[in-house]
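Student: Sequence:
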Amino acid sequence: MSAHLVFRPVTHETQADFEALFSARGSPSYCWCMAWRATSQELRDAKGPARRQQMLGRIAAGTPVGLLAYRDGTPVGWVSVAPKAIFRGLGGPLPEPNEQAWSLTCMFVPRPLRGQGLAHELIAAAIAHAHSGGATVLEAYPVDPDSPSYRFMGFVPAFEAAGFAHAGMAGTRRHVMRLAL
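If you use my numbering, the sequence shown corresponds to residues -15 to 165, in order.
Just so you know, these hints were derived from the structure itself, not from any lab. Remember, it's a predicted structure, so these values are computed and weren't measured experimentally. Every residue, glycine too, gets a C-beta built ideally from N, C-alpha and C. There may be inaccurate statements among the hints.
Said to hold, decoys possible - If you anchor each label on the Cβ, the simulated ranges turn out as follows:
#1 T120 / T23: 24 to 30 Å
#2 A30 / P79: 34 to 40 Å
#3 R72 / K31: 14 to 20 Å
#4 H150 / Q(-1): 31 to 37 Å
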């Protein structure tokens, strides 16, 4: 599958593709990947339409938000990856001096395309993107495969396969996993 995938950051130029992916049936349009980004002011209106506008505002401002995966020119996946400092409440260790931590907080693949290894490709692309953006460590917050919640953050075995190491827990379900870049 990777031979047919192209990854592009979400920017003004790719915003329409991002909106199309998030507007499709079964997408996370209730959240727009704002769960870990929203400020306390933005949390006052946490419904889908407001979250969409909040995310679009970040894209318009040039704030890094993540990558889209394309197959044959069509967006087929999303991974939220950006500097950890723009998120809130993720948990995990405080950055070491001179450490540039980025966070991978969410992945989305439309249901018909799941089970094809796309999550592994999204993780690999996020690693490369974080590294090229100056990150010295990439942090992720996956759950066990049988977890009833936070499944959009990915599963521990996929991150283990990518070389991430366990660094603790954030709450009762989310593992904190880190990869030195």
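Student: Which of the stated hints cannot be reconciled with the structure, identified by number in ascending sequence?
Tutor: 2
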